[in-house]
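Same order as they appear, the protein sequences are chains L and H. As numbered in the numbering used here, residues 376 to 549 make up the first sequence, in order. As numbered in the numbering used here, residues 238 to 408 make up the second sequence, in order.
Hints listed in this document are in silico derivations from the structure and should not be mistaken for laboratory results. Predicted model only: the values in this text are computed from it and were never measured. Please note that the accuracy of each hint is not assured.
Computed list of lysine-lysine pairs in DSS-like fashion (alpha-carbon distance at most 25 Å, straight line) [to be verified]:
1) Lys512/L <-> Lys356/H
2) Lys512/L <-> Lys321/H
3) Lys299/H <-> Lys512/L
4) Lys512/L <-> Lys341/H
5) Lys354/H <-> Lys512/L
6) Lys298/H <-> Lys321/H
7) Lys512/L <-> Lys292/H
8) Lys298/H <-> Lys512/L
A few chain H residues that face chain L, going by a derived Cβ cut-off under 7 Å, partial list only [as the list claims (entries may be wrong)]:
9) Gly276
10) Thr301
11) Val374
12) Ala375
Note that CB positions come from ideal geometry on N, CA and C, so glycine has one too.
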Amino acid sequence: MESSKTEQERLQMFFDGELSSEEAEAVRRQLEDSPEGAAELAAWQAIRDGIREVSDPWPDAVDSDELFARIEADIRAPAVERNSRESMPALRVVPGGRERRVWGGVAAGLAAAAAILLAVLTLPEEGTTPGMVRGSKVVAVDFGEYAGTVFEVEGGAGQPLSVVWISDEEVAIP
Amino acid sequence: MRTIWNFLVPSLLLALSFTPRADAQGSKLVQSTRAPTGGVPAEVLVVLAQEESGKIDPELKKLTALRRPPFNSFRSMKVLSKPKVKLVPGRDAVVSLPNGRRLKLALLQIMPDGRFKMKVSINRPEKADYLPLLQVVASAGDPFFVAGQTYEGGTLVVGVTVDPKKTLQLP
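Model the full structure from these sequences, guided by the hints.
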């Protein structure tokens, strides 16, 4: 286990370019001796080439040491007083009334949104009145001297509509 | 934070006061069985339907019920009249039909569920009633039909729609 770990560390150092040239050559030969090792070596080389390709556009002009030195210097430098209106107008704190107006606007907006939502949720369906049963229904009929029948047809909204069909010819009474 | 609530709560209460009360009309109808002051408007649609090929009156295009059996056996339909009446409880509304008969309508009751209970009859002058009695319960905007009277080679289809709203809607 220990040897395996050491081997892994050695491989990692190889891929990181931290081995001496002799050690690196020995590891390379060892990897090339087996198909798995050769594949691993090829994969790592591909990754390294990819990284190099990506980092190539970054010019050498970027001096990382200088960059970090400047960052460090800025961090250590005393804080600059930034109370000038011209320096940071966007971050200026607006006290009192305007702040209240801003929050009031937000609240009014929220209230308007809530009202619209409530209106949509509670809006009755067009052409209907809540709590009402749609359609028509015959509850009593007397055809008198004529013959007739009652049936239903479906309305546009699927509601039943009653139809009374009554003959125009008097029924002969025997 | 208190500032937010100072605005938010009154704003919400104000907004709620303007939110449409969906059950307002329904509950009013449910609680009252009396007709609104001035009566309930109703429309009587008198149609001459014939089996011969012809035109379907454009006014009837929205009345899909007339395109279903048995009405679909008629190949032409013409609106002869469309009188509007006011239904007042205890008082008959009379509509003259083209065949000389009279259609009598009476509002009996507004049901607890908002529907209208009506009494209908069709009388013949100097003769026994053609349709002595018909009682119908109908919701606003939903018609019922009385059909079968012969007239000018066709059949009269009479549709009655009660609608307490201002605009009558054909289903």
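Verification of the hints:
1. Lys512/L <-> Lys356/H: holds, 12 Å
2. Lys512/L <-> Lys321/H: holds, 21 Å
3. Lys299/H <-> Lys512/L: Within the cut-off at roughly 21 Å; holds.
4. Lys512/L <-> Lys341/H: With a Cα-Cα distance of about 18 Å, the restraint between Lys512/L and Lys341/H holds, given a limit of 25 Å.
5. Lys354/H <-> Lys512/L: Holds: Lys354/H and Lys512/L sit about 9 Å apart, inside 25 Å.
6. Lys298/H <-> Lys321/H: holds, 20 Å
7. Lys512/L <-> Lys292/H: Given pair Lys512/L, Lys292/H is violated - Cα atoms ~30 Å apart, limit 25 Å.
8. Lys298/H <-> Lys512/L: With a Cα-Cα distance of about 23 Å, the restraint between Lys298/H and Lys512/L holds, given a limit of 25 Å.
9. Gly276: Violated: closest Cβ of chain L sits about 18 Å from Gly276/H, beyond 7 Å.
10. Thr301: holds, 4 Å
11. Val374: It holds, given that the least Cβ distance between Val374/H and chain L is near 5 Å, below 7 Å.
12. Ala375: holds, 4 Å
Taken one by one, the earlier hints fail for this structure at numbers 7 and 9, listed in ascending order.
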